[in-house]
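Q: Below are the chains, spelled out letter by letter.
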Amino acid sequence: MKTIGLLLAALVGLSGQAPASVRHLVYQFGYNTKAASAGQGTGTLTVDISGPVADGGVMVSGTDFWWNTVRPRATNTCEVYPNGNVKCSQAPYALSSMQLTLFPLLARNFFKGLSPGGKSSWERNYHVSAAIVAGAAGFAGQPSTWNCDFALQGKGPVANAAPLILITAAGTLNQQSGRSLKATSKQSIVYDPAAKVPAIVRDIRTHIPMRSVYSNDSIELKLMKDSNSKKS
Amino acid sequence: MRTSASTLIAALLSGAILAACGANSVLSSPTTGLAALSRSASGPYASHGVTENVLYSFAGGSDAEHPTNEALIAVNGTLYGDTEQGGGSGCGSGDGCGTVFAMSTSGAESLIYSFKGKPDGQYAKGGLVERSGVFYGTTQVGGQYGYGTFFKVTTAGKETVLHSFGAVVSGGYDGIYPYGGLIYVQADGKFYGTTIYGGTGSCGTSGSGCGTVFSVTPSGKETVLHNFTGGQDGELLTGSLLYSNGKIYGTTQLGGGGSSCGNSSAVGCGTLFSLSTSGTEKVLYSFTGASDGAFPSGGLIDVSGTLYGMAGSGGSAVGCNGGGCGTVFSLKTSGAFKAIYSFQGAPKDGASPFGNLTDVNGVLYGTTEDGGASSKCTTSAGITGCGAAFGVTTSGKEKMLHSFKDGTDGATPTGTLLYLNGILYGTTHNGGSGSCSNGCGTAYSLSGF
Numbered sequence: 032m033k034t035i036g037l038l039l040a041a042l043v044g045l046s047g048q049a050p051a052s053v054r055h056l057v058y059q060f061g062y063n064t065k066a067a068s069a070g071q072g073t074g075t076l077t078v079d080i081s082g083p084v085a086d087g088g089v090m091v092s093g094t095d096f097w098w099n100t101v102r103p104r105a106t107n108t109c110e111v112y113p114n115g116n117v118k119c120s121q122a123p124y125a126l127s128s129m130q131l132t133l134f135p136l137l138a139r140n141f142f143k144g145l146s147p148g149g150k151s152s153w154e155r156n157y158h159v160s161a162a163i164v165a166g167a168a169g170f171a172g173q174p175s176t177w178n179c180d181f182a183l184q185g186k187g188p189v190a191n192a193a194p195l196i197l198i199t200a201a202g203t204l205n206q207q208s209g210r211s212l213k214a215t216s217k218q219s220i221v222y223d224p225a226a227k228v229p230a231i232v233r234d235i236r237t238h239i240p241m242r243s244v245y246s247n248d249s250i251e252l253k254l255m256k257d258s259n260s261k262k263s
Numbered sequence: 004m005r006t007s008a009s010t011l012i013a014a015l016l017s018g019a020i021l022a023a024c025g026a027n028s029v030l031s032s033p034t035t036g037l038a039a040l041s042r043s044a045s046g047p048y049a050s051h052g053v054t055e056n057v058l059y060s061f062a063g064g065s066d067a068e069h070p071t072n073e074a075l076i077a078v079n080g081t082l083y084g085d086t087e088q089g090g091g092s093g094c095g096s097g098d099g100c101g102t103v104f105a106m107s108t109s110g111a112e113s114l115i116y117s118f119k120g121k122p123d124g125q126y127a128k129g130g131l132v133e134r135s136g137v138f139y140g141t142t143q144v145g146g147q148y149g150y151g152t153f154f155k156v157t158t159a160g161k162e163t164v165l166h167s168f169g170a171v172v173s174g175g176y177d178g179i180y181p182y183g184g185l186i187y188v189q190a191d192g193k194f195y196g197t198t199i200y201g202g203t204g205s206c207g208t209s210g211s212g213c214g215t216v217f218s219v220t221p222s223g224k225e226t227v228l229h230n231f232t233g234g235q236d237g238e239l240l241t242g243s244l245l246y247s248n249g250k251i252y253g254t255t256q257l258g259g260g261g262s263s264c265g266n267s268s269a270v271g272c273g274t275l276f277s278l279s280t281s282g283t284e285k286v287l288y289s290f291t292g293a294s295d296g297a298f299p300s301g302g303l304i305d306v307s308g309t310l311y312g313m314a315g316s317g318g319s320a321v322g323c324n325g326g327g328c329g330t331v332f333s334l335k336t337s338g339a340f341k342a343i344y345s346f347q348g349a350p351k352d353g354a355s356p357f358g359n360l361t362d363v364n365g366v367l368y369g370t371t372e373d374g375g376a377s378s379k380c381t382t383s384a385g386i387t388g389c390g391a392a393f394g395v396t397t398s399g400k401e402k403m404l405h406s407f408k409d410g411t412d413g414a415t416p417t418g419t420l421l422y423l424n425g426i427l428y429g430t431t432h433n434g435g436s437g438s439c440s441n442g443c444g445t446a447y448s449l450s451g452f
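Just so you know, the protein sequences line up as chains S and E, in that order.
Read left to right, the first sequence gives residues 32 to 263 (the working numbering).
Read left to right, the second sequence gives residues 4 to 452 (the working numbering).
Since the hints were derived computationally from the structure, they do not count as laboratory data.
Every residue, glycine too, gets a C-beta built ideally from N, C-alpha and C.
Certain hints may be false.
[What the hints assert, rightly or not] What follows is a list of derived Cβ distance ranges for each label pair:
hint : chain 1 : residue 1 : chain 2 : residue 2 : range
1    : S       : Gly87     : E       : Gly338    : 28 to 38 Å
2    : E       : Val171    : S       : Pro103    : 37 to 47 Å
3    : E       : Ser281    : S       : Thr100    : 22 to 32 Å
[Unchecked claim] Stretches of chain S that chain E covers, calculated by requiring three or more beta carbons in the stretch to come under 8 Å of a beta carbon on chain E:
hint : stretch
4    : 72-81
5    : 85-93
6    : 182-191
7    : 200-208
8    : 215-225
Assemble the whole structure, with the sequences as input and the hints as a guide.
A: If you want it as structure tokens, here you go:
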């Protein structure tokens with residue numbers, strides 16, 4: 032018994048902190064279609080955020096549930112660092128197209144450049160280390176690192192929906208290994224500065240040059256549930 | 004106070020949310036830019052006996068790496084170009100921000116300038132244009148707003164950012180992400196180019212635009228001539244422009260209407276357009292994604308009054324997973340379109356053509372990113388081959404000139420060929436003996452074609 036007690040004490044001591052709370056988000060997604068509660072290409076992306084962990088990042092697990100498409104409900108768990116870096120170091124070392132859009136936006140400092148008035152501009156450079164799978168055949172492959180450069184522009188509060196702020200962004204994704212693929216992305220983001228998460232995201236991501244219809248992804252995400260909202 | 008999901012949806016529903024100076028055999032091509040290019044083609048058209056030589060393997064690191072959408076130019080017998088990466092360890096990737104380089108035709112390379120990233124340029128591509136001993140070009144990223152630059156650089160390596168793309172303007176943005184390179188129009192002394200995004204169109208998002216055509220003076224005064232709007236109009240511009248008989252011609256990768264090619268959303272398969280220098284645009288042809296092709300990503304060239312270009316997918320062949328491997332097409336300025344060749348894909352033919360064609364005495368030469376005989380490369384979409392160089396007559400007779408092999412040979416040629424004194428010069432994005440994953444790219448020559 033003494034041994035078990037010591038072991039438990041050691042484990043608590045190793046963590047050095049109380050068990051991390053988990054924030055649970057549910058986004059409705061539309062993949063090459065509008066986000067909706069039904070229809071081909073739609074579903075939900077559930078997200079669990081825990082941490083922060085010792086190096087300042089948070090662990091983010093995402094699970095896509097496609098409503099009308101037979102796809103495995105695989106869960107991808109990655110660490111999201113404050114600047115937007117995403118590292119998927121647990122099997123299957125992967126991100127879906129929706130998760131590729133969302134995970135960096137969950138980084139603690141991603142929207143740090145947004146002024147209180149919501150009209151500032153700022154930039155984010157971050158790395159995503161994962162195999163990008165999901166629906167876009169043009170992306171699939173072995174895990175690799177993508178260098179992502181985004182410039183963001185706050186457009187101010189959304190009319191009749193304060194405190195939400197509209198942000199537009201354009202970015203480039205450059206694969207640093209593999210075939211050195213290139214993609215561009217343009218996004219419109221409705222950001223909730225109180226909840227500190229994006230409420231609505233539209234992302235159009237295109238491989239340059241396009242080789243097939245699969246070189247062009249359109250993703251729409253809408254926040255439907257936020258476990259933190261129960262606390263307000 | 005938290006925002007309810009219904010409020011969010013309500014917010015969404017409310018809607019809140021010239022003689023082109025390419026003076027060479029292709030008078031209006033931006034790819035060569037200089038009078039050094041001889042029109043006296045010496046080689047008869049034939050596929051046998053073609054010799055490919057890797058002139059230089061980009062080394063990466065402090066050297067250049069990954070030429071992208073490159074169009075080498077020649078000045079007094081020396082080749083000049085730019086690369087997307089390399090030149091140090093900046094720009095967050097550890098692979099540098101891109102370079103401008105010079106190279107002898109025997110492959111002796113030297114760096115002229117290494118980009119530093121914001122507020123300097125980042126990711127140079129599309130090639131250079133030379134005017135009075137000064138090189139002008141664009142970077143896709145970097146500059147004051149992070150959306151790209153128009154720059155000049157001397158052979159001594161003194162670089163100046165003349166314009167930063169991406170400023171907020173009424174109703175949208177200035178152009179965002181110049182990609183296709185520049186042409187110089189002697190008639191008005193301006194450069195012309197395209198941007199992937201930017202402008203006042205929406206194209207599925209509430210910002211960032213659908214792409215633009217711009218003009219810019221050598222001192223950096225930029226004007227957006229046309230804001231693409233998507234739909235029946237085009238969107239997503241990655242090709243260079245052509246100036247011919249007082250008009251500008253170009254391509255858009257998407258747009259043109261129709262329900263094809265959208266991966267379920269109706270974005271169209273791309274367009275060919277004309278534009279006056281005052282900004283009046285006309286869609287000359289909208290691709291259907293069938294035998295005509297889809298996704299033209301390069302520019303057009305003018306051969307005796309007929310325009311020629313390439314579409315990256317589609318065509319009448321069933322290769323490339325049934326989506327077609329791309330086409331070579333002709334276009335009369337009246338809008339009469341004809342697909343003159345459909346690529347077959349690996350192993351006997353190229354696939355996914357990219358860049359501009361180069362006219363040598365009526366034979367059109369170009370490269371494809373995929374296809375060819377090598378089995379070493381496969382895209383994630385299942386299109387095989389490491390790329391190929393080809394020649395095609397204007398009547399549609401095609402021959403593959405070289406299959407890139409990867410390894411010490413290049414792979415994934417992503418640019419336009421330069422014809423100089425009987426030899427074609429080009430670059431590959433990958434391959435070669437450089438230390439990058441899959442190589443840092445090469446410069447090569449093709450002779451005996």
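Q: Could you check the hint for me, namely that E/Val171 and S/Pro103 are 37 to 47 Å apart, CB to CB?
A: holds, 43 Å
Q: Are three or more residues of the stretch 215-225 of chain S within 8 Å, CB to CB, of chain E?
A: Coverage by chain E holds here, the residue count being 7 at a Cβ distance below 8 Å.
Q: Range hint 22 to 32 Å: satisfied by the CB atoms of E/Ser281 and S/Thr100?
A: violated, 49 Å
Q: Is the coverage entry for the stretch 200-208 of chain S by chain E consistent with the three-residue Cβ rule at 8 Å?
A: holds (count 6)
Q: With a Cβ-Cβ cutoff of 8 Å, does the stretch 85-93 of chain S contain at least three residues near chain E?
A: Violated: only 0 residues of the stretch 85-93 of chain S have a Cβ under 8 Å from chain E.
Q: Using C-beta distances, would you say chain E covers the stretch 182-191 of chain S, given that this needs three or more residues below 8 Å?
A: holds (count 6)
Q: Examine the stretch 72-81 of chain S: at least three residues should have C-beta closer than 8 Å to a C-beta of chain E.
A: violated (count 1)
Q: Could you see if the CB distance from S/Gly87 to E/Gly338 stays within 28 to 38 Å?
A: Violated, since S/Gly87 and E/Gly338 (Cβ atoms, about 58 Å apart) do not stay within the stated range.
Checked against the numbered hints given earlier, this structure breaks hints 1, 3, 4, 5; the rest are met.
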